[in-house]
Amino acid sequence: MCATTVPEPMESLPARSPGTPVVLDRQEGPFGEVVLRERGEHFEIIANGCFLMDTSDGRSERLLIDVALASLPAGRTAPSVLIGGLGVGFSLVRAAEEEHWGRIVVVEREQAIVDWHRGGPLDRISGAALADPRTGILHTDLVAHLCTATERYDALCLDIDNGPDWTVTESNESLYSPAGLAHCHDRLTPGGVLAVWSAQPSPAFEEALRNAGFSGVRTEEVPVARGVPDVVHLALRAG
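In terms of our numbering, the sequence shown has 77 at position 77, counting the first letter as 1, and numbering is strictly consecutive.
There may be inaccurate statements among the hints.
What the hints assert, rightly or not - Label-pair distances were calculated between CB atoms; the ranges are:
{"hint": "1", "residue 1": "Gly119", "residue 2": "Asn48", "range": "20 to 30 Å"}
{"hint": "2", "residue 1": "Gly102", "residue 2": "Gly239", "range": "42 to 52 Å"}
{"hint": "3", "residue 1": "Thr169", "residue 2": "Thr20", "range": "21 to 31 Å"}
{"hint": "4", "residue 1": "Glu33", "residue 2": "Asp186", "range": "30 to 40 Å"}
{"hint": "5", "residue 1": "Asn48", "residue 2": "Ala128", "range": "29 to 39 Å"}
No lab work stands behind these hints, which were simulated from the structure alone. Backbone N, C-alpha and C define an ideal beta-carbon position, used for all residues, glycine too.
Just need the whole structure built from these sequences, with the hints factored in.
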């Protein structure tokens, strides 16, 4: 992968209107192009021309973590969580803010995104969370990790696409397949929770979760300014 391009200091950037995006870094990796843009006070991540996320809200990314923790069996001590996708860092930050979590593992396949958080423009969002001794970053593909790992987690909080029906790359589609959901099921402890972020509800994915042996399947919605709400799909591995 290409080396990270260090952006110019903010004060040296040309004057611009708040609605005009400015590219801070653009890298070509094994899965295509990833771009970090600044728009006014906010950052945006674009992958292969597809808008992934920005820092303008973050409620649904935080909800991904909150509902996973709330869904775990009462009395579970220091539960571990795997966060699939570092993104702009909101889910990681939320997890690190919650003292009840034990080990926090983030799987991110794009080295550029990791670099933007470690000493790059996104450090001001996630710096403290990355410094938390509970936090670890795995630079690998999530789908491959779930398929080959042996460690189990109390929660899997996955946010690598715009949803099960709108994947960033074709290779991600296997995550939502029967085989992919079986791997998710295997990586959970008894009573563990799978939480999957989506830009829109997916009844077909809910059915796929039930067919994969998950129980307690439900969907939490987060209203947005325009269009259908963001959602978090939830499912439990039987205890």
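Evaluated hints:
Checked against the hint of 20 to 30 Å, the C-beta distance between glycine 119 and asparagine 48 comes to roughly 25 Å, which is consistent with it. Checked against the hint of 42 to 52 Å, the C-beta distance between glycine 102 and glycine 239 comes to roughly 18 Å, which is inconsistent with it. For threonine 169 and threonine 20, the Cβ-Cβ distance of about 28 Å falls inside the hinted range of 21 to 31 Å, so the restraint holds. Taken as a hint, the range 30 to 40 Å holds for the pair glutamate 33 and aspartate 186, whose Cβ atoms sit roughly 33 Å apart.
Evaluation of the 29 to 39 Å hint for asparagine 48 and alanine 128 yields a pass: the beta carbon distance comes to about 31 Å.
Checked against the numbered hints given earlier, this structure breaks only hint 2.
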